[in-house]
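Please model the entire structure based on the sequences and the hints provided.
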Amino acid sequence: AQKITQTQPGMFVQEKEAVTLDCTYDTSDQSYGLFWYKQPSSGEMIFLIYQGSYDEQNATEGRYSLNFQKARKSANLVISASQLGDSAMYFCAMREWKGDNFGNEKLTFGTGTRLTIIP
Amino acid sequence: NAGVMQNPRHLVRRRGQEARLRCSPMKGHSHVYWYRQLPEEGLKFMVYLQKENIIDESGMPKERFSAEFPKEGPSILRIQQVVRGDSAAYFCASSTTVSSPLHFGNGTRLTVT
Chain W
1 AQKITQTQPG MFVQEKEAVT LDCTYDTSDQ SYGLFWYKQP SSGEMIFLIY
51 QGSYDEQNAT EGRYSLNFQK ARKSANLVIS ASQLGDSAMY FCAMREWKGD
101 NFGNEKLTFG TGTRLTIIP
Chain Y
1 NAGVMQNPRH LVRRRGQEAR LRCSPMKGHS HVYWYRQLPE EGLKFMVYLQ
51 KENIIDESGM PKERFSAEFP KEGPSILRIQ QVVRGDSAAY FCASSTTVSS
101 PLHFGNGTRL TVT
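Chains as they are written, first to last, in this note's numbering: chain W, 1 to 119; chain Y, 1 to 113.
No false leads were mixed into what you were given.
A partial selection of chain W residues facing chain Y, derived with a Cβ cut-off under 7 Å:
id	residue
1	Phe35
2	Gly43
3	Glu44
4	Met45
5	Phe47
6	Tyr50
7	Phe91
8	Lys106
9	Leu107
10	Phe109
11	Gly110
12	Thr111
13	Gly112
Only pairs whose alpha carbons sit at most 20 Å apart, straight line, appear in this in silico EDC-like list of lysine to aspartate or glutamate:
id	chain 1	residue 1	chain 2	residue 2
14	Y	Lys44	W	Glu96
15	W	Lys73	W	Asp26
16	W	Lys16	W	Glu61
17	W	Lys73	W	Glu56
18	Y	Lys44	W	Glu44
19	Y	Lys71	Y	Asp56
20	W	Lys70	W	Glu96
21	W	Lys70	W	Asp22
22	W	Lys3	Y	Glu57
23	Y	Lys44	W	Asp26
24	W	Lys3	Y	Glu41
25	Y	Lys44	Y	Glu63
26	W	Lys16	W	Asp86
27	Y	Lys27	Y	Glu52
28	Y	Lys27	Y	Glu68
29	W	Lys3	Y	Asp56
30	W	Lys3	W	Asp22
31	Y	Lys27	Y	Glu72
32	W	Lys3	Y	Glu40
33	Y	Lys44	Y	Asp86
34	Y	Lys51	Y	Glu72
If you are wondering where the hints come from, they were derived from the structure by calculation, not from laboratory data. By construction, the Cβ of each residue, glycine as well, lies at the ideal position given by its N, Cα and C atoms.
Listed below in structure tokens is the structure:
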């Protein structure tokens, strides 16, 4: 089974509108972290936002917020007031904390959503 | 504080040659991860290393691929006898604490001709 599922291969959104990128995850661990990364056409991976499984409040970073619904195992990224520079691939990822090596386990990525902002 | 440094940015190799990809983690980070990204796909985990130790190599192909992170110097991902299917972007990342994200380098784009 896929650990991270991103069901939207591509999205087109009008500039200045808000956009929600979906992400669901699968884990039996109680301790885990969820991450969103942005990959523009230049190819680098840019960290956007992080949500820990024990965090009671949804994470926010500027125009980015993470809609964390633990019972549904979803961690959707919300971008408010979209800009042309937001056009990029967006990847959801999860890190599960296991055993003695707490906190340094690998990230597992979803397949990504290509977001295109229309002027 | 410099970010994760990868070089070269682009690497072209003929089939059968060796490719060596280098990664210097962020200052203070002692955990290094290598990922591979095929065109139009997500990142796939390859290997996780600490200084002088391979912690998890479950994503590494069994043959031709090796990785090291010596006590001194950068981490090296080595691909021997490259084939066209090795053409991809290879990303290195580093991290430190429990809640810190992985910080990625800009990647090395390997093209095998």
